[in-house]
Amino acid sequence: MKRLTHRMLAKDYVFTPLPSLQIQIRSNCRPLQWIAVTVIIALLSGSCVGANDASSIRNSSSVVRDFTFSSDPSVEILSVTFRGGLLHNHPSYRIYGDGRIEIFIPDTRQDSGSYTRTLTFEEMREVMRFAVDHHLAESSREDVEGKISMKYAGNTMPHATDGYDMIFSIHLTTFVRDGVELGPKDNTIIMHYPSFLLRVSPDTEEIQGLVGIQRRLLDLRHMEENEDIP
Amino acid sequence: MKRLNLCILFIVACLPSSTNAGTFFSVERQIANAPSNEEAPFAIVHPLGYDGTQVLIKLDICVESGSEVLVGPVQRAIQMWNQLSSTTGNCSGCVLWEENPPTGLLSLPDTVLHEIGHCAMGLDHPNLAESEFDVDGDGQISHTSFTVSAGTALVTDSNGVRGDAEDQHPFSSQDIAWFRIRDNNPVIVDSIMIDKDTYSRATAVDLPSGHNYAASANRGVAGILGFSNTQSVMYSGIAPGTQYHSLAADEVNMVRMGMTGVDRDAGTSDDYTIELRFKATCTGQEDIIARMNTIDENPPPGLCLADIAHSFQQGLIVLHWSIIADSLLQEVSIEFDPNKGWDFGSDIFFSGFENGDFSEWGM
Numbered sequence: 000m001k002r003l004t005h006r007m008l009a010k011d012y013v014f015t016p017l018p019s020l021q022i023q024i025r026s027n028c029r030p031l032q033w034i035a036v037t038v039i040i041a042l043l044s045g046s047c048v049g050a051n052d053a054s055s056i057r058n059s060s061s062v063v064r065d066f067t068f069s070s071d072p073s074v075e076i077l078s079v080t081f082r083g084g085l086l087h088n089h090p091s092y093r094i095y096g097d098g099r100i101e102i103f104i105p106d107t108r109q110d111s112g113s114y115t116r117t118l119t120f121e122e123m124r125e126v127m128r129f130a131v132d133h134h135l136a137e138s139s140r141e142d143v144e145g146k147i148s149m150k151y152a153g154n155t156m157p158h159a160t161d162g163y164d165m166i167f168s169i170h171l172t173t174f175v176r177d178g179v180e181l182g183p184k185d186n187t188i189i190m191h192y193p194s195f196l197l198r199v200s201p202d203t204e205e206i207q208g209l210v211g212i213q214r215r216l217l218d219l220r221h222m223e224e225n226e227d228i229p
Numbered sequence: 000m001k002r003l004n005l006c007i008l009f010i011v012a013c014l015p016s017s018t019n020a021g022t023f024f025s026v027e028r029q030i031a032n033a034p035s036n037e038e039a040p041f042a043i044v045h046p047l048g049y050d051g052t053q054v055l056i057k058l059d060i061c062v063e064s065g066s067e068v069l070v071g072p073v074q075r076a077i078q079m080w081n082q083l084s085s086t087t088g089n090c091s092g093c094v095l096w097e098e099n100p101p102t103g104l105l106s107l108p109d110t111v112l113h114e115i116g117h118c119a120m121g122l123d124h125p126n127l128a129e130s131e132f133d134v135d136g137d138g139q140i141s142h143t144s145f146t147v148s149a150g151t152a153l154v155t156d157s158n159g160v161r162g163d164a165e166d167q168h169p170f171s172s173q174d175i176a177w178f179r180i181r182d183n184n185p186v187i188v189d190s191i192m193i194d195k196d197t198y199s200r201a202t203a204v205d206l207p208s209g210h211n212y213a214a215s216a217n218r219g220v221a222g223i224l225g226f227s228n229t230q231s232v233m234y235s236g237i238a239p240g241t242q243y244h245s246l247a248a249d250e251v252n253m254v255r256m257g258m259t260g261v262d263r264d265a266g267t268s269d270d271y272t273i274e275l276r277f278k279a280t281c282t283g284q285e286d287i288i289a290r291m292n293t294i295d296e297n298p299p300p301g302l303c304l305a306d307i308a309h310s311f312q313q314g315l316i317v318l319h320w321s322i323i324a325d326s327l328l329q330e331v332s333i334e335f336d337p338n339k340g341w342d343f344g345s346d347i348f349f350s351g352f353e354n355g356d357f358s359e360w361g362m
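Just so you know, the sequences run in chain order A and B. Residues in the first sequence are numbered from 0 upward in steps of one, following numbering that gives the first Met the number 0. Residues in the second sequence are numbered from 0 upward in steps of one, following numbering that gives the first Met the number 0.
Hints should not be assumed to be uniformly reliable.
[Claimed, not checked] One-sided excerpt, in silico: chain B residues whose CB lies under 10 Å from chain A: (1) Asp123; (2) Gln284; (3) Leu304.
[Claimed, not checked] Listed next, with one range per pair, are the computed distances between beta-carbon atoms: (4) A/His221 / B/Glu67: 26 to 34 Å; (5) A/His221 / B/Leu83: 42 to 50 Å; (6) A/Glu125 / B/Ser227: 53 to 61 Å; (7) A/Glu125 / B/Leu104: 30 to 38 Å; (8) A/Asp106 / B/Leu83: 18 to 26 Å; (9) A/Val179 / B/Thr52: 54 to 62 Å; (10) A/Val62 / B/Gly159: 49 to 57 Å; (11) A/Thr119 / B/Gly159: 46 to 54 Å; (12) A/Pro72 / B/Thr280: 50 to 58 Å; (13) B/Thr52 / A/Ser113: 53 to 61 Å; (14) B/Thr267 / A/Asp110: 51 to 59 Å; (15) A/Arg140 / B/Thr293: 38 to 46 Å; (16) B/Gln284 / A/Val62: 44 to 52 Å; (17) B/Glu67 / A/Asp185: 45 to 53 Å.
The hints are simulated quantities; they were obtained by calculation from the structure and are not laboratory data. Model, not experiment: these values are computed from the prediction. Ideal placement from N, C-alpha and C gives every residue a C-beta, glycine not left out.
Please take these sequences and the hints and turn them into a complete structure.
The following block contains the structure:
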């Protein structure tokens, strides 16, 4: 069976998390041969999932998280923006269902402009899985601050003055935790300067996730710089 | 390195106190965290080590090995804060929040000056409530002045200047900035004695007639008050090309307010002075470490990492707090982005290097 890349598909697609066989199937299934393939795959996997990717995560706490996300190019599935600090010209990153990542650098910076990268499906899934695995689809700022403040007398939060806030948002089409369907999931976390929080609370998974996401986005931004499309 | 108990600072709500429109360190998070008996935003924050008894507070600031580019800027900042002298017209290239800054290099000496104002002098941003303040604790910035909040119901303003006396504060219970009772002028330099009788943060009671807001020491407000190119070095934004030639009245008066000591009256026996001292190398005994930040992912241009605690045992209302080391990091540090395109200024080596007098280097 031909392995199709994400870029080649114009419609929503289906993936089954089979380590040895991953086949992308058109969700409309019109051609007869696609119907046959679908049946075969369904029999093999025991399911026929919906129009999005499904990934199962088993993390260190043995909680299994399954999720799907949209492949609609108009749907923003993940975004990272920043605010505050001494400099107010922060970049923003938005990932859409078709793998497009839009990077905006304000015009007050020397590297200003709008940049587009395209993620493969595997890259998208990895980013989303990383975020979900680090509880970024579920936790709130208060949850994270609760974990960190416990380490300080008086249950207070540390603060990096002149650090910036990181605003992380994720949109999942479906979210299942330990077999419980939780429906669509939209979550936004605003944390003040997660890099500093990682120093004082390196074991907080959400902070690991936020810093990791930031690192990945920086890597993407600096990749293929000669191929920028302003 | 000196240590103190850990807690958080800010407060001085109940009693009228004096400074102009500055704020003390860490005020924004304290509003969210303060227990009911500690009116966090209104604390006076004193330098590291203050316990209510000192008449002289000495703070050693060292430059970590590998960060020698900070030597000149740190020494310059120490000299300026030790002199505690203010002028009008202190700023060139100052850019307001609502203005687009130019591209170019950021001044390392002035960023260092700003961060030492936080970590050594216990100050916060005078424009806090105007630009980056979460007054209602919902995690979102609450813009309280014109321009950014234009078109909303938050402020009414006739002259388009953010942070002037006309501004309406949407959260009347959150007085966080200090002002001169006499004239609510945050930038004027005169001989007025700074203490609780001449400065307040109680906007409902002590603002001059017709004033709604503790005027901010930003360039725009200073301009309509008749002082061009004047801005607090503690203003929360710094832009390429911004240079501070001296301190402004706002930060000097905030420090002087703290120096009035426990009774907050100037000229009494509990007043103290502050002496910052430069140390060329860090031995672990210094109070504040200056370093280039090679630790964090994508660091900001400058950072102050510190915490606050009660200065001494106080009653139900805690007024006095002091800078302390973060209990997990166990240090007070100022840090700077090593990958930033910096303007290092002309003071690569500062004060004594040329004439061989290294006494203030602690060598």
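Name the hints, by number, that the structure is in violation of.
2, 8, 15
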